[in-house]
Structures are given as structure tokens and as C-alpha cells.
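Enquirer: Listed below are the residues making up each chain.
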Amino acid sequence: MSTSDGAPAQAQVDQAIDWLVKLRFDSPSPRTERQFQQWLASHPHNPKAWQRVSNLSDELAGLPKALSRSTLDASQRQRSSRRDHLKLLALLAAGGSLGWAAREPLGLPQLLADSSTATGERRQLHGSDGSRIQLNTDSAIDLRYSAEQRQLELLRGEVSLDSNANDNRPFRIDTRVGTLSTRDGQLLLRENDKGLLLAVRGGEVTLFPASAHARLLHAGETLQVQANGNLQAVSLHSDPWGWTDGVLSVQQMPLGEFTAELSRYRPGLLRCADDVANLKVSGTYQLADTEQILQLLARSLPVRVDYRTRYWVSIGAA
Amino acid sequence: MQTTDTLKPTEVALLYQSHHAWLSGWLRSRVGCHEHAADLAQDTFVRLLRARQASPLKEPRAYLSAIARGLMIDQFRRRALERAYHESLALLPEAEVPSEEHRLVILDTLERLDRALHTLKPRTRQAFLLAQIDGLSITQIAVQLDVARATIERDLAKALGVCYRLRYVDL
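Chains A and B, in that order, give the protein sequences. When the first sequence is numbered by our numbering, its final residue is 318 and no position is left out of the sequence of numbers. When the second sequence is numbered by our numbering, its final residue is 1171 and no position is left out of the sequence of numbers.
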């Protein structure tokens, strides 16, 4: 291939790339470096090819690590997985209107999710491998099985997984902050504003954070995984597994936090005034009836519950 | 740029006259927005000017709609990446947030990288990110992914080849 505008030909580019791999990602011997210098001088187009290839690599190497990793990982998840991609193509091919602008707020991946729950809804799924999966309120997952692996992708919200250990395929779980792998794990994943809350009740789970080292987790561990992959110990005022039994079970939880927790299960606004936000709540409450929980609060604490409308409720000092 | 195997500008002009209205309508029925469809139709013809395609076109409408479909999918991906980028920026500690200008440069580079990664097999993608972003050596990557060094070398060369084309050839 000959070029007229000074762009190096493909052969020169390929050679330059091979040299770059040797020189930049390996520790080259003096001999390799001498050979590289000879190559550089052996063709008038080689220096140009080298310059372009090494500029390209410099550009990529100059990307901020954490930011790039989390962007690329999130983008991979957010937009079509391979299968969603096929659905997207099918949509385009079918000739129906995609209504791009109208669908934007929801996002294509969520529309294409295998399973999702609305606010206040919980759902139990039985995987074809014998695993048990539960979705909490306002959550979405994708589930797929292949000959090599079982795979769950948490698209939104909270999910618990009891992986059937009798199935030999590894179970892979993709989340916003990284990937997990297990065979026999009983675990819970909850997206929150800091990243992901991760609790393991049984089996062994390996966590591969987006930008940190892999870490083996054992039964009884509860951790907060931050968006940058760092792990943080957490002390919770509640049993993270409560919802899987339909309850909110708390110990000395500040009312402000309790209100935030409760509002996940209710459509509309639920607010707590600052001057009562530090009152402590303990007990086990049935999630099926959040109205009743509010009435119980008003009876057991010095607070009153005001209904501006059915979907705008505020808790303040009595 | 090879001038011998692209369509002649006069030919593109003729295609534009015969099919632009049809293409705009085709796009409008898909994206549901008049202006958006007009932009995409314009972009389709710009892409056509650069396409390596010897003349004449046998099935011009099929070819135009194929380009337009590609553009719609690119746009969907670009939005997903932009959204992911802004979310990631929001989570960054104040001190690590790049300047406005630098932010755009990074986004531009990430967008190309994201497109390149999408065409690669998972292991190739993983090896490339470990090398380019995380700065690991071939030996370290070979151990981590449990494959031969030569395989990693091939993976890196392949990924760089794709990045090169996106950066310098298929603009």
C-alpha cells in the first residue's frame, strides 16, 4: 500500500507496534534497543510510524487511572451487553420507531433488563441452575447462563443470591464497582451512593474491584466497596438481609437513616425533620405495610407524621 | 487518504439529490425527532464521502441506511460513555478532578478507546487495559491472566492496531 499524504504504510505501522510492545511493556535488553535503532533507520517511513504509534500509547498512558477505569467499566455495563446489543440491532432493523428522545430517561439497558421490580415490590427468582435470587425494591438485573458460566449483572438496586453449589460452573456477578466470582456463595449486593454494599452469608466470594487487587471474602463479612475499588469496613444499624424475609430489622438506627431506608419502599417523598433525625429506632417492621410503620413510629417516638398528600409525608417533632 | 477507492464527489452529490429526502424520512421514523434525523442524514453523507467504496453503488438506499444505522448505534454508545464519564467525575475527590479543558481531552481519548475495546475479545481487552492504563508489564499480565507471554504480546499488538486505525485512519 503506498500513500501520498505522508501517512506510513500498514507494514511500517505493524512493525512500529511490535517494537512498542517490546520496548514499553517489557524490559528490553541493550541488544533489543540496538535492533530497534537499526529498524528505525532502515526505512524513511519508520520514524514517522514510530512517532505516531508512540504518541498514541503516550496518550492512553496519560489517562487518569481511576477515572478512566470507572468510566470504561460503567460504560461497558450501562450500554448494551453483547446480547442487549443484538436486541438494539433488532429494534433498528425492525423499522419501528425507537423514540430516542422519549426513551432516554429510562435508558435502553433498563428497558431490556431481564428482571426488574418497581418501588415497593420484591421478587424471588429461581435460576435454571437451582440458584435462588431475590430482587429488592426498585431493582433490575440481567441473568444469563452459558456452558462455561452463570452470570448475573446488577443494573440497579439490590439483589441477594444463593448460588447453587451443586452446579460446577462459576457464578460471575457484574456490578458498577467491579466483578465478583463465586461457586457456592450466598451473598447480597446493594448499590448505594458510595458504591456497593456487599455482604456474604455463606461460601466463598472473590471480589475483583474495578481498580484494586482481588480479595477473597468469607461468610460473615460485610463491606462497603467504593467506586474507586477501595474497601471499607461498615457497621450497620440494620440487618442487611432483613428484606429477604420481608422485614426491616434495625438496632439503634437514627430516625433520619430509618426514614431514608423506609422511603426506598414507598413511592413519593418521605422526609424527616433535622431536629428529630437523631432519635433512635429499634425493632423489626413488616415492609409490606409502610403506612403501619409510620403509625408505629408516631406511637413509640415523640414525633408526628404529617401527610401533605398521600405521596408527600414528613416526620417532625410532636 | 486513498482517493482511488472512494466515491467521486459528483457521485455523492447525485446520491444526495436522489436519496436525501428519503433518508431523512427513514431516520425520522426511527429517532422520532425531526432535527435529530436531519443531523444524522447529514452525517451519513459526510461518512459516505470518506467511505472506502468503489463506485458505482448497486443498492444505494441499503448502503445509506446501513451507514445511518451505524451512526445511531455510535451515538447511543457515545451517550452511554458520556454518562458514565460524568458519573465517574462526580465521584472523584475534588483534588483529582481535571480542568475543564483537560476533561474534554480525556473524554475524547476515552471515547476512542471505548470504541476500540468494544471490538476486542475480553482477554485482549483486559490485557490491554492492564498494560496501558494500569501500567503492568507483559510478565505481570501473563501471570495475572495465566496465559503465555507471547499471547499477551499478540493481544497488545492487536489492540494497538485497532486504536491506531481509529486514531489516524478511520476518522
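Heads up, a few of these hints could be off.
[What the hints assert, rightly or not] As a list, the in silico EDC-like pairs of lysine to aspartate or glutamate whose alpha-carbon atoms are at most 16 Å apart:
#: 1; chain 1: A; residue 1: Lys48; chain 2: A; residue 2: Asp18
#: 2; chain 1: B; residue 1: Lys1158; chain 2: A; residue 2: Asp193
#: 3; chain 1: A; residue 1: Lys194; chain 2: A; residue 2: Glu257
#: 4; chain 1: A; residue 1: Lys65; chain 2: B; residue 2: Glu1096
#: 5; chain 1: A; residue 1: Lys65; chain 2: B; residue 2: Asp1134
#: 6; chain 1: A; residue 1: Lys65; chain 2: A; residue 2: Asp14
#: 7; chain 1: B; residue 1: Lys1058; chain 2: B; residue 2: Glu1011
#: 8; chain 1: A; residue 1: Lys280; chain 2: A; residue 2: Glu261
#: 9; chain 1: A; residue 1: Lys22; chain 2: B; residue 2: Glu1153
#: 10; chain 1: A; residue 1: Lys280; chain 2: A; residue 2: Asp306
#: 11; chain 1: A; residue 1: Lys48; chain 2: A; residue 2: Asp14
#: 12; chain 1: A; residue 1: Lys22; chain 2: A; residue 2: Glu33
#: 13; chain 1: B; residue 1: Lys1158; chain 2: A; residue 2: Asp239
#: 14; chain 1: B; residue 1: Lys1121; chain 2: B; residue 2: Glu1087
#: 15; chain 1: A; residue 1: Lys194; chain 2: B; residue 2: Glu1111
#: 16; chain 1: A; residue 1: Lys65; chain 2: B; residue 2: Glu1111
[Claimed, not checked] Computed from the model, here is a short list of chain A residues facing chain B with C-beta under 7 Å:
#: 17; residue: Leu23
#: 18; residue: Phe25
#: 19; residue: Pro30
#: 20; residue: Leu56
#: 21; residue: Asp58
#: 22; residue: Glu59
#: 23; residue: Lys65
#: 24; residue: Ser68
#: 25; residue: Leu72
#: 26; residue: Asp174
#: 27; residue: Leu231
#: 28; residue: Ala233
#: 29; residue: Val234
[Unchecked claim] Computed footprint of chain A on chain B; a stretch qualifies when at least three of its residues, placed anywhere within it, have a C-beta under 8 Å from a C-beta of chain A:
#: 30; region: 1083-1095
#: 31; region: 1153-1161
No lab work stands behind these hints: they were computed from the structure. These figures come from a predicted structure and were not determined experimentally. Think of the CB as a built atom: it goes at the ideal place given N, C-alpha and C, for glycine as much as any other residue.
Enquirer: Please name the hints from earlier in the document that this structure breaks, with their numbers sorted from lowest to highest.
Expert: 2, 6, 10, 13, 14, 15, 17, 19, 21, 26, 27, 28 and 29
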